[in-house]
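In terms of our numbering, the sequence shown opens at residue 271 and continues consecutively.
Careful: at least some of the hints might be erroneous.
Claimed, not checked - Only pairs whose alpha carbons sit at most 20 Å apart, straight line, appear in this in silico PhoX-like list of lysine-lysine: (1) K358 <-> K419; (2) K358 <-> K335; (3) K283 <-> K419; (4) K358 <-> K283; (5) K419 <-> K372; (6) K304 <-> K414.
Please keep in mind that the hints were generated in silico from the structure rather than gathered at the bench. Computed from a predicted model, the values in this text were never measured in an experiment.
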Amino acid sequence: MIVDLDALVDSEKVADIAEALTGASSDMHDLIEKQRDLAEGIRNQPPTFTESDARERLEQLSRQKLDWRNGDDNLLRRQLAELSGIVKRVRRLKEGGVSAYKDDPEIYSLLNEVVDGFAQVGLFFVPVGQLEDWVVQLMADVPKRGTSKTDRAAIAADCIRAATDNSGDVWAFTRRVLDYLRAARK
271 MIVDLDALVD
281 SEKVADIAEA
291 LTGASSDMHD
301 LIEKQRDLAE
311 GIRNQPPTFT
321 ESDARERLEQ
331 LSRQKLDWRN
341 GDDNLLRRQL
351 AELSGIVKRV
361 RRLKEGGVSA
371 YKDDPEIYSL
381 LNEVVDGFAQ
391 VGLFFVPVGQ
401 LEDWVVQLMA
411 DVPKRGTSKT
421 DRAAIAADCI
431 RAATDNSGDV
441 WAFTRRVLDY
451 LRAARK
């Protein structure tokens, strides 16, 4: 199973998936405990968007001339949703992936250990954050707005399969998943 990296902060979901894949072994219990520690460490880090940035953006939004009759309520709702996404503590993980934590050796090391541990049992976390953002050059013509996350992920998978240049980290990741699946079939 392949999931976006930010799923790591949902400890219950990760535990349910891991136990469904492997059963409740003591090794899995230890890995899930490490994942919970990691999730707590990530959630305890403040957002990269500062308080003053948030105040400034809210002030900009409050100064807009709004008229609900012109659909400005929808515009404001989209802008507030965008701001909400920017303020999320997991944004760094979601948009920067594992490498976004190189400046924090403790989290970076634990993140690599947990991602590798789950890969051993068939649960693969996309190390760059989100699958559909991995191959930006292949997804340039696919708008984020108006295209569901599920559709973007499916399009990304199609683009990866159709690409002629099969070098780089996305293909190494894909080969690792395929190697796991081939070994599991034997």
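Hint check:
1. K358 <-> K419: 18 Å, holds
2. K358 <-> K335: 27 Å, violated
3. K283 <-> K419: Holds, at about 19 Å.
4. K358 <-> K283: Holds. K358 to K283 sits at ~19 Å (cutoff 20 Å).
5. K419 <-> K372: Violated, because 27 Å separates the two Cα atoms, which is more than 20 Å.
6. K304 <-> K414: 33 Å, violated
The structure shown violates the earlier hints numbered 2, 5 and 6.
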